[in-house]
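2 protein chains.
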Amino acid sequence: MIRKEIRLSGSGGQGIILAAVTLADAALEAGFYGVQTQSYGPEARGGASKAEVIISDQPIDYPKVTTPDIVLALTAQAYAKYCDDINPGGTMIVEESLSADDCPESALRVPILGTAREVGKEIVANMVSLGVLAATLKKHIDKEFIEKSISKRVPPGTEELNIRAFQKGYDMIQ
Amino acid sequence: MIRKEIRLSGSGGQGIILAAVTLADAALEAGFYGVQTQSYGPEARGGASKAEVIISDQPIDYPKVTTPDIVLALTAQAYAKYCDDINPGGTMIVEESLSADDCPESALRVPILGTAREVGKEIVANMVSLGVLAATLKKHIDKEFIEKSISKRVPPGTEELNIRAFQKGYDMIQ
Chain A
844 MIRKEIRLSG SGGQGIILAA VTLADAALEA GFYGVQTQSY GPEARGGASK
894 AEVIISDQPI DYPKVTTPDI VLALTAQAYA KYCDDINPGG TMIVEESLSA
944 DDCPESALRV PILGTAREVG KEIVANMVSL GVLAATLKKH IDKEFIEKSI
994 SKRVPPGTEE LNIRAFQKGY DMIQ
Chain B
844 MIRKEIRLSG SGGQGIILAA VTLADAALEA GFYGVQTQSY GPEARGGASK
894 AEVIISDQPI DYPKVTTPDI VLALTAQAYA KYCDDINPGG TMIVEESLSA
944 DDCPESALRV PILGTAREVG KEIVANMVSL GVLAATLKKH IDKEFIEKSI
994 SKRVPPGTEE LNIRAFQKGY DMIQ
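In order, the protein sequences belong to chains A and B.
Residue numbers for the first sequence follow my numbering, so the first one is 844 and each next one is one higher.
Residue numbers for the second sequence follow my numbering, so the first one is 844 and each next one is one higher.
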């Protein structure tokens, strides 16, 4: 059975919900079952927020992420907050410029924010992130599905910019 | 304890996820805990889809909607599919032009699609729907929170259109 629990995290306004919804859409098109969730609470206001996706080849009974297989963090606050329940064999992906004392030692450090700025706007950091996640999941979901979902989900006229950011993120991971 | 389980449903492309995320954002701002979820599976492809929000004044342990208090349906397929587990005391809201045999008798029938077209574009049916939901929830969440969330979540330049659609939906419910 394939079950992947994926957590995207950062601050509100970084477009992580859109990235997560896009990933879930693509998983559906690729034939998987999925659940996409965000939780809200007073602790989230003005601080770290996360969006989660569960992808499975079986119907998903329990929709809660318990031990994420992949955690991606775009801010120090999100990194510190959401790193600690990661599956020991899982993949921690963190924006290169960040560090956090209480997180597991091994993490994939990637220049997500810098790359987004290079592509043109820091606002596409979510799509760079999605590219990194797509490369991490490429054994299960062909990137074409994610590209198609991006084109469907981003505001009309912004498809090219967002796909370019996605590709840059994808290419970071060999 | 306040716990409201809300289900928005329709077809993919009708913007129901955005409406649900916007509602959850507003609930957070209003001081509630929330969980916002969509499930994906082969049965969803090309057909009915739903987006759910749980709003509570207590931390939410179980993130699954089991007995929705409010169900809103924009298509006949979604109506037929998602009406049957509604809380017996709950509110069924359905696009006026639809009917379904196996759904509970009493439903609030509202001209959501027609109103969206009047406002200018059928694509704002999700915001008309959000207005209807806001009016239904007004004892718990002041509509101002939802208007603020709309302005933050819709593509720049479309705020006025979307707020107008929202207000039309809100005004339908006395």
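Be aware that a few hints might be false.
[As the list claims (entries may be wrong)] Okay, derived cross-link-like pairs now, EDC-like style, lysine to aspartate or glutamate, Cα gap no bigger than 16 Å in a straight line:
{"no.": "1", "chain 1": "A", "residue 1": "Lys1011", "chain 2": "A", "residue 2": "Glu965"}
{"no.": "2", "chain 1": "B", "residue 1": "Lys986", "chain 2": "B", "residue 2": "Glu965"}
{"no.": "3", "chain 1": "B", "residue 1": "Lys907", "chain 2": "A", "residue 2": "Asp904"}
{"no.": "4", "chain 1": "A", "residue 1": "Lys907", "chain 2": "B", "residue 2": "Asp904"}
{"no.": "5", "chain 1": "A", "residue 1": "Lys991", "chain 2": "A", "residue 2": "Glu872"}
{"no.": "6", "chain 1": "A", "residue 1": "Lys986", "chain 2": "A", "residue 2": "Glu872"}
Keep in mind the hints are simulated off the structure, nothing from the lab.
Hints and how they fare:
Pair hint Lys1011(A) plus Glu965(A) holds up; C-alpha atoms about 13 Å apart against a cutoff of 16 Å. Simply put, Lys986(B) and Glu965(B) have alpha-carbon atoms about 22 Å apart, too far for the 16 Å limit, and the pair is violated. At most 16 Å may separate the alpha-carbon atoms for a hinted pair to count; Lys907(B) and Asp904(A) meet this at roughly 10 Å. For the proposed pair Lys907(A) and Asp904(B), the alpha carbon gap of about 10 Å is at most 16 Å, so the pair holds.
The suggested pairing of Lys991(A) with Glu872(A) holds, with an alpha-carbon distance near 9 Å, which does not exceed 16 Å. As the CA atoms of Lys986(A) and Glu872(A) are separated by approximately 11 Å, the hinted pair is consistent with the 16 Å bound.
The structure does not agree with numbered hint 2 stated previously, though it agrees with all others.
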